[in-house]
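First residue of the sequence shown? That's 41 in the numbering used here, and the numbers climb one at a time after it.
For the record, the hints were derived by calculation from the structure and aren't laboratory data. Ideal Cβ positions, reconstructed from N, Cα and C, are used throughout, including at glycine. Careful: at least some of the hints might be erroneous.
[What the hints assert, rightly or not] Cβ-Cβ distance ranges computed for the label pairs, FRET-style:
id : residue 1 : residue 2 : range
1  : Leu323    : Val245    : 16 to 26 angstroms
2  : Ala325    : His293    : 30 to 40 angstroms
3  : Val271    : Ala325    : 12 to 22 angstroms
4  : Asp252    : Ala292    : 41 to 51 angstroms
5  : Asp190    : Pro254    : 22 to 32 angstroms
6  : Asp248    : Arg46     : 15 to 25 angstroms
[Stated by the list, open to error] List time: in silico DMTMM-like cross-link candidates among lysine to aspartate or glutamate, alpha-carbon distance up to 25 angstroms:
id : residue 1 : residue 2
7  : Lys297    : Glu232
8  : Lys187    : Glu123
9  : Lys187    : Asp273
10 : Lys219    : Glu318
11 : Lys219    : Asp141
12 : Lys187    : Asp174
13 : Lys219    : Glu199
14 : Lys219    : Asp252
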Amino acid sequence: RRLGDRVKDWMTLNEPEVVAYAGHHIGVHAPGIRDFGTAVLVSHHLLLAHRAAADAIRAASSTARVGIALNLSPCEPATDSTEDAAAAVRADGYLNRWFLDPLHGRGYPKDMVALYAPYFDRARELDGYHGRLDYLGVNFYTRRLAKAGDGPLRLDRVERAGAERTAIGWEVHPSSFHKILTRVHRDYAPREVFVTENGAAYDDVLDDDRVDDPARISFLSRHFAAAADAVRDGVPLRGYFIWTLMDNFEWAHGTSKRFGIVHTEYRTQRRRIKSSGEWYRELIAAHRTARAEAAAT
């Protein structure tokens with residue numbers, strides 16, 4: 041009500057999968073619970089909360105646009121075995137479809153409702169919900185490789201040996217960025233897509249009052265190219281936000297993992313633009329010039 045005349049785009053939640061499972065299944069985030077059934081129930085309540093928040097925002101402002109940001113990744117089998125292929129389908133259901141399906145009017149995916157039956161019997165509470173997302177936020181960092189295993193999901197996550205990785209240990213795989221963007225467009229047809237997070241942590245070194253981070257520039261340039269390919273393939277990508285502007289407190293990693301294109305000296309709070317920030321500034325300027333020249337012709 042107070043901001044609706046100035047703020048048009050609203051996001052109800054960021055990464056509900058992380059909130060639910062990192063906080064309530066794995067327990068590495070607050071509140072540190074380690075119970076799968078609780079995590080499933082939390083994920084359900086987060087979707088109910090999104091529905092309630094979206095309704096409240098729209099009731100307060102007729103011009104408001106409401107979306108949500110999901111951390112999404114292609115989930116692929118670790119091997120060619122039928123068991124690993126089935127594990128990848130379950131991984132996709134857990135990470136992607138459990139949230140995407142009900143947010144696009146399909147209810148929870150039936151295979152996951154059956155898998156979660158020992159823990160969860162409230163799927164019908166989202167029956168008839170059509171989502172009405174004005175835009176979908178996509179947070180992307182890496183792909184997921186799955187093999188058949190134990191536990192509630194009957195799978196294990198696999199890391200590809202010899203793969204290029206960031207300092208946080210995530211595989212660098214730009215083609216998977218294109219894959220998830222085009223898959224979301226093909227399977228769910230959101231009105232608009234925003235990349236609400238994409239970036240990388242590296243072991244940045246402050247040397248002679250500078251931080252040179254060529255690995256981050258390489259990461260970003262390759263992911264920008266993948267996003268541009270997705271736009272050419274019809275994805276209605278309307279915005280792209282780097283994670284992140286400044287080195288930050290990265291949840292369970294604290295200040296040990298640096299994602300920023302601006303360096304934060306935590307002891308003094310001094311900021312320095314990294315070489316990636318300078319590169320990004322030049323990239324934006326070049327695109328602005330190119331668009332102006334194209335408009336003038």
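These are the hints, each one checked on the structure:
1. Leu323 with Val245: 16 to 26 angstroms: For leucine 323 and valine 245 the Cβ distance comes to about 23 angstroms; the hint holds.
2. Ala325 with His293: 30 to 40 angstroms: Holds, at about 33 angstroms.
3. Val271 with Ala325: 12 to 22 angstroms: holds, 20 angstroms
4. Asp252 with Ala292: 41 to 51 angstroms: violated, 28 angstroms
5. Asp190 with Pro254: 22 to 32 angstroms: Since aspartate 190 and proline 254 have Cβ atoms about 41 angstroms apart, the given range 22 to 32 angstroms is violated.
6. Asp248 with Arg46: 15 to 25 angstroms: Roughly 43 angstroms apart at Cβ, these two residues miss the hinted range, so it is violated.
7. Lys297 with Glu232: violated, 31 angstroms
8. Lys187 with Glu123: Holds. Lysine 187 to glutamate 123 sits at ~7 angstroms (cutoff 25 angstroms).
9. Lys187 with Asp273: violated, 30 angstroms
10. Lys219 with Glu318: violated, 29 angstroms
11. Lys219 with Asp141: holds, 18 angstroms
12. Lys187 with Asp174: Judged against 25 angstroms, a Cα distance of about 35 angstroms means the pair is violated.
13. Lys219 with Glu199: holds, 19 angstroms
14. Lys219 with Asp252: violated, 30 angstroms
The structure is inconsistent with the numbered hints 4, 5, 6, 7, 9, 10, 12, 14, although it conforms to all the rest.
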